[in-house]
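Chains A and B are the protein sequences, given in the same order. Terminal number for the first sequence in the working numbering: 58, no gaps in between. Terminal number for the second sequence in the working numbering: 191, no gaps in between.
Hints are computed from structural coordinates only; laboratory data are not their basis. Be careful, since some hints might not be right.
[To be verified] Estimated spans, in silico, between C-beta atoms of each pair:
(1) B:Ala159 to A:Leu51: 36 to 44 Å
(2) B:Lys154 to A:Ala39: 34 to 42 Å
(3) A:Leu36 to B:Ser131: 45 to 53 Å
(4) A:Leu51 to B:Leu188: 23 to 31 Å
[As the list claims (entries may be wrong)] Simulated coverage check for chain B against chain A, where a stretch passes if three residues somewhere in it have a Cβ under 8 Å from a Cβ of chain A:
(5) 102–109
(6) 158–171
(7) 176–186
[As the list claims (entries may be wrong)] Sample of chain A residues facing chain B (criterion: CB under 10 Å; computed from the structure):
(8) Val15
(9) Phe19
(10) Asp25
(11) Met42
Note that CB positions come from ideal geometry on N, CA and C, so glycine has one too.
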Amino acid sequence: MHSHFVLMALFAMFVSLVFSVLAKDTVREQARLGGLMFAGFMLVGLAVAWLMYPFPLR
Amino acid sequence: MSPARATAAEKSQPGGLVLLCLAAWAIPGIGHLWLGRRAKGLVFLIALPLMFAVGLALQGRIFSFDASDLLTSLEAGAQLGIGILYFLAAPLGFGKGDIRATTYEYGISFLIVAGLLNLLVVIDAYDVALGRK
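Working from the sequences, and respecting the hints, build out all of it.
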């Protein structure tokens, strides 16, 4: 389990799940908010990763 | 106990509210289960300890409070939010942290965020008990 992408997805899943269940009361609303939040986490994570691509590691 | 009865009981007894919050902090999701929010309680009961366990599996470190290091104390405070799992991890041999592991920082992030999310869950249980939600 050393893939950065898998760990980011796992982290996004846990946080989206807890936030959506906290914020909404019906399963439909929870699924919608959770899905949007998860997608947001992943898209922003990938966007930031690409923005950092030109920078040297050292 | 039905949600309405639990809420009324918590309203009438301030001591009950403290007990509810302590239970909700100690075991994630117990506060919601106590108040009759079974589905939400079960999700928290499974998801938050699992997130904490993933953090431990990723070689994350359980921090202790250190008066000379504010950042470490803040990390310990956030991890403490997960409740009794924070105290159980070290005696069971987990949470030593291996800084050489590539997943060390990820593990710490999982541990800290699991604790902070549980604190949000405690606040939510408190609001439900007061009838605000």
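Hints versus structure:
| no. | hint | verdict |
| --- | --- | --- |
| 1 | B:Ala159 to A:Leu51: 36 to 44 Å | violated, 27 Å |
| 2 | B:Lys154 to A:Ala39: 34 to 42 Å | holds, 36 Å |
| 3 | A:Leu36 to B:Ser131: 45 to 53 Å | violated, 35 Å |
| 4 | A:Leu51 to B:Leu188: 23 to 31 Å | violated, 44 Å |
| 5 | 102–109 | holds (count 5) |
| 6 | 158–171 | holds (count 6) |
| 7 | 176–186 | holds (count 3) |
| 8 | Val15 | holds, 7 Å |
| 9 | Phe19 | holds, 8 Å |
| 10 | Asp25 | holds, 8 Å |
| 11 | Met42 | violated, 16 Å |
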